[in-house]
Amino acid sequence: MTVKDLGSKLNLKALNDATDTEVEGAFISDMLSDVMAGAKAGNVWVTVQTHKNIIAAANLVDVPAIIVVRDKQVPEDTLQMADRVGVTVFATNLDSFQIAVKLYEAGIKPTT
Amino acid sequence: MIRLTYVESIRENTMARDRCKHQWRMTNPRDGFIVTEKCYHCKASRVYFSYEDVPPKDEYKEDAHYWNYAGSAQSAKFDMECAKCGKVVTFEELMGLMQCVQCDAACYLNTLSKICESQNVWLYAALSYKAGEEIDLPEEKLEILTAHFTGRLRTPGKKIIAVPGSLRKSPDTCKGEMLKDVGMLSLTPET
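Taken in order, these protein sequences are the chains called H and R. With our numbering as the guide, the letters of the first sequence map in order to residues 14 to 125. With our numbering as the guide, the letters of the second sequence map in order to residues 29 to 219.
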């Protein structure tokens, strides 16, 4: 499934361009160190964090999309950084657990 | 004889490690805080890693400086271990990785980043400190970080390169931020 397809299927609001990069698995964490250590390339990352650091972390481990949950406002500098590195940022009013369920129902399974 | 065999086995292991095409992975994660302090007399700043449960905010005098707490963020340190031969390289001096935010056209890291990004090569400055002072991470360790993070990528042609922090024009004016958990302690439930 591509990032673009994922956005439509889960009814997410794309805050910048949704790419055609393939998504494989998901990683849920609010700690960047956790993402640096545990996220796998191709994972979609679910978080409440919105600081522009999240984009640098996503780019470092090749995460193509971030879902910011619970209606958190994403600053403009975060989106500018996301455009620069080609990471899609989605927003939703759902929480992490609800998004995890939706991801699973959409066919995004845990990666090992 | 036994002693000689022991020495030979150590030598053999060492040689095997030298021959190993290392496959690096993170090990020994250690949680803590990156703490920034400023001297209100001379405006000098320094950064250190605290393993305490709460970041220290005490003011204190040390030599000619009057150090004041200027901020902190949750983070973690780690070492790198070869999954094949077991060699461990410590990264105690590494405070964090930083991606250039292109804040200063005259900065060498900025110039280099722009050239590299056009080829899908991404530079991360490995900001390192010893006794509060910024130092460059040794080349061997930069290569380990480069090998580890590039090895984890899936996008064809993409590369991550760890570079020394001294590529920045000035640590004092650089607006890039280390990968750390900004505002984690202020995340509160919505009412």
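Heads up, a few of these hints could be off.
Residues from chain R shown here face chain H by an in silico Cβ test under 10 Å; the list is partial [claimed, not checked]:
#, residue
1, V82
2, K85
3, A104
4, V117
5, L170
6, T183
7, C202
Below, in silico cross-link-like pairs of lysine-lysine (DSSO-like), each with a Cα-Cα straight-line distance of 27 Å or less [what the hints assert, rightly or not]:
#, chain 1, residue 1, chain 2, residue 2
8, R, K186, H, K53
9, H, K53, R, K105
10, R, K186, H, K85
11, R, K66, R, K186
12, R, K115, H, K53
Hints are computed from structural coordinates only; laboratory data are not their basis. Here the structure is a predicted model, which means the values were calculated and not measured. Even for Gly, the Cβ is constructed at its ideal location relative to N, Cα and C.
Practice task
With a cut-off of 10 Å on the beta carbons, see whether C202 of chain R makes it to chain H.
Solution key: Not OK, violated: C202 of chain R not within 10 Å of chain H, min 14 Å.
Practice task
For the pair supplied as a hint, K115 of chain R and K53 of chain H, confirm whether the alpha-carbon distance does not exceed 27 Å.
Solution key: Distance of about 23 Å is within 27 Å: holds.
Handout entry: Minimum beta-carbon distance criterion (10 Å), V82 of chain R to chain H
Key = violated, 17 Å
Problem - Status of the V117 of chain R interface restraint (C-beta, 10 Å, chain H) - result: With Cβ-Cβ at 16 Å, over 10 Å, it is violated.
Exercise for the section: Could you grab the alpha-carbon distance between K53 of chain H and K105 of chain R and see if it respects the 27 Å cut-off? Expected result: holds, 19 Å
Problem - Pairwise hint evaluation, K53 of chain H against K186 of chain R, where the allowed Cα distance is 27 Å at most - result: Holds - the C-alpha atoms of K53 of chain H and K186 of chain R are around 15 Å apart, at most 27 Å.
Practice task
Please work out if K186 of chain R and K85 of chain H have their alpha carbons no farther apart than 27 Å.
Solution key: This hinted pair is violated, its Cα atoms lying about 30 Å apart.
Handout entry: Interface hint status, A104 of chain R versus chain H (Cβ within 10 Å)
Key = Result: holds, 4 Å to nearest chain H Cβ.
Handout entry: Hint status (Cβ of K85 of chain R to nearest Cβ of chain H, threshold 10 Å)
Key = Since the shortest Cβ distance to chain H is 21 Å, the answer is violated.
Handout entry: T183 of chain R as an interface hint toward chain H, with CB separation required under 10 Å
Key = holds, 6 Å
Problem - Restraint status (C-alpha distance of K66 of chain R to K186 of chain R at most 27 Å) - result: Since the Cα atoms of K66 of chain R and K186 of chain R sit roughly 38 Å apart, the hinted pair is violated (cutoff 27 Å).
Problem - L170 of chain R as an interface hint toward chain H, with CB separation required under 10 Å - result: violated, 15 Å
In the structure shown, a violation is registered for the earlier hints numbered 1, 2, 4, 5, 7, 10, 11, in ascending order.
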